[in-house]
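Taking my numbering, the leading residue of the sequence shown gets 1, the next gets one more, and so forth.
Treat the hints as calculated values from the structure; they're not laboratory data.
Any given hint could turn out to be false.
[As the list claims (entries may be wrong)] Estimated spans, in silico, between C-beta atoms of each pair:
{"id": "1", "residue 1": "189", "residue 2": "285", "range": "50 to 60 Å"}
{"id": "2", "residue 1": "189", "residue 2": "23", "range": "23 to 33 Å"}
{"id": "3", "residue 1": "99", "residue 2": "149", "range": "25 to 35 Å"}
Glycine residues also receive a C-beta, built at the ideal position from the N, C-alpha and C atoms.
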Amino acid sequence: MTDRSITVSQLNEYIKNLFASDRMLSAVCVTGELSNFKRHSSGHLYFTLKDSDAAVQAVMFRSDAARLRFSPESGMKVIVTGRVSLYPKSGQYQIYVNTMQPDGIGSLYLAFEQLKEKLYRKGLFDPAHKKALPLYPKRIAVVTSPTGAAVRDMIRILNRRYPLCDVLVCPVKVQGDGAAQEIADMLDYVNHHRLADLIITGRGGGSLEDLWAFNEEVLAEAIYRSDIPVISAVGHEPDITISDYVADARASTPSNAAEIAVKDAFELKRALGDLAFTLAKYQTDRIKAERTRLARLTQTPVMTDPRQYFTDRRLSLDVLSDRLASSMRLTLERRRAQTARLAAGLDAMSPLKVLSRGYSVVTDGRGVVRSVGRLTPGGEISVRLSDGSADCTVVRVTKEQKENVS
Numbered sequence: 001m002t003d004r005s006i007t008v009s010q011l012n013e014y015i016k017n018l019f020a021s022d023r024m025l026s027a028v029c030v031t032g033e034l035s036n037f038k039r040h041s042s043g044h045l046y047f048t049l050k051d052s053d054a055a056v057q058a059v060m061f062r063s064d065a066a067r068l069r070f071s072p073e074s075g076m077k078v079i080v081t082g083r084v085s086l087y088p089k090s091g092q093y094q095i096y097v098n099t100m101q102p103d104g105i106g107s108l109y110l111a112f113e114q115l116k117e118k119l120y121r122k123g124l125f126d127p128a129h130k131k132a133l134p135l136y137p138k139r140i141a142v143v144t145s146p147t148g149a150a151v152r153d154m155i156r157i158l159n160r161r162y163p164l165c166d167v168l169v170c171p172v173k174v175q176g177d178g179a180a181q182e183i184a185d186m187l188d189y190v191n192h193h194r195l196a197d198l199i200i201t202g203r204g205g206g207s208l209e210d211l212w213a214f215n216e217e218v219l220a221e222a223i224y225r226s227d228i229p230v231i232s233a234v235g236h237e238p239d240i241t242i243s244d245y246v247a248d249a250r251a252s253t254p255s256n257a258a259e260i261a262v263k264d265a266f267e268l269k270r271a272l273g274d275l276a277f278t279l280a281k282y283q284t285d286r287i288k289a290e291r292t293r294l295a296r297l298t299q300t301p302v303m304t305d306p307r308q309y310f311t312d313r314r315l316s317l318d319v320l321s322d323r324l325a326s327s328m329r330l331t332l333e334r335r336r337a338q339t340a341r342l343a344a345g346l347d348a349m350s351p352l353k354v355l356s357r358g359y360s361v362v363t364d365g366r367g368v369v370r371s372v373g374r375l376t377p378g379g380e381i382s383v384r385l386s387d388g389s390a391d392c393t394v395v396r397v398t399k400e401q402k403e404n405v406s
């Protein structure tokens with residue numbers, strides 16, 4: 001019995017070969033709920049696939065995971081295809097997943113909704129960021145496939161509606177791997193070299209897969225950072241892409257984008273004709289009104305008899321001159337009377353007037369002497385009289401005694 005024993009590695013390898021030889025297990029399709037989902041730094045996806053009664057481990061390698069159009073999350077119900085095998089090191093069997101899609105909803109639609117929510121949170125749909133389209137663009141860059149019907153329709157409509165505008169076709173791939181990156185690079189190129197005043201990017205109709213390049217984040221970011229206004233024109237009326245949400249304007253079709261981008265030259269010509277008519281009518285009415293006003297002016301007295309006008313003005317001037325002279329005389333008389341009153345008051349208060357009545361003013365080197373306390377025998381003083389002055393020497397000082405009043 002001991003001679004027939006095998007190692008654990010041999011056992012696991014044997015069981016692995018049994019899995020590999022089973023045709024059913026080499027290509028299974030399993031429905032379940034994602035649990036313990038983990039995206040490894042290597043790019044591999046590790047998760048558990050479970051239902052209400054059981055669970056199985058699963059792995060999806062980076063090369064297969066790169067083709068996913070949506071972001072798997074724990075709790076999401078999915079349908080996976082792959083093969084069942086044993087991992088020899090742990091002795092655990094697991095599903096090696098090749099494809100995965102949401103259960104009950106298309107993977108592309110789910111990817112669209114996930115990216116739309118992500119970009120909305122980042123602010124790429126913010127109306128405040130959207131730029132106004134130029135009213136009269138000089139050059140329009142059409143970033144699309146050079147061979148599709150869409151580009152021919154846009155060129156035809158642009159040339160018909162507004163032939164003054166140059167159309168620059170920027171050829172890119174609009175479908176398949178790398179299309180979104182190619183369109184984004186062309187948008188950056190047009191911006192970097194300022195090749196146009198307006199950009200139209202889009203393509204004709206198709207399936208969701210055909211239009212998918214316009215649902216990728218790399219293109220959404222390029223439209224958002226464009227300094228030149230961008231019109232998104234993808235598919236038909238019902239088709240809505242991520243580019244439509246980010247662009248400065250959305251057209252229902254490529255043909256509609258051409259109509260949005262430029263004014264109709266015929267309509268502009270008609271509008272200019274209407275303006276010219278309105279201006280001419282305004283000028284005619286204005287001239288008529290001025291002629292009527294001139295006719296009224298010619299009938300006024302100043303125009304019919306200019307001399308009478310000046311005669312009336314001379315009479316008015318004489319009246320005003322008389323009033324002014326009378327007013328000046330009255331003013332001068334009031335000022336003279338007021339001056340006489342003030343002079344009389346000053347004369348009454350003059351010190352010289354007091355001296356003429358027999359009084360005198362005594363001064364010394366320090367000014368007017370008001371008290372005998374300032375005087376000393378032998379001191380020099382000056383006495384001012386009404387008609388002159390005298391220098392004197394103090395001989396004696398007598399101070400009056402004031403009587404006490406009881």
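Item checked: C-beta pair residue 189, residue 23: status relative to the range 23 to 33 Å that was hinted -> 53 Å, violated
Check: Do the beta carbons of residue 189 and residue 285 sit within 50 to 60 Å of each other?
Finding: Cβ of residue 189 to Cβ of residue 285: about 55 Å, so the range 50 to 60 Å holds.
Item checked: Beta-carbon spacing of residue 99 to residue 149 - inside the hinted bounds 25 to 35 Å or not -> Given range 25 to 35 Å: holds, Cβ gap about 34 Å.
Violated hints amount to a single one, hint 2; each of the other numbered hints is respected by the structure.
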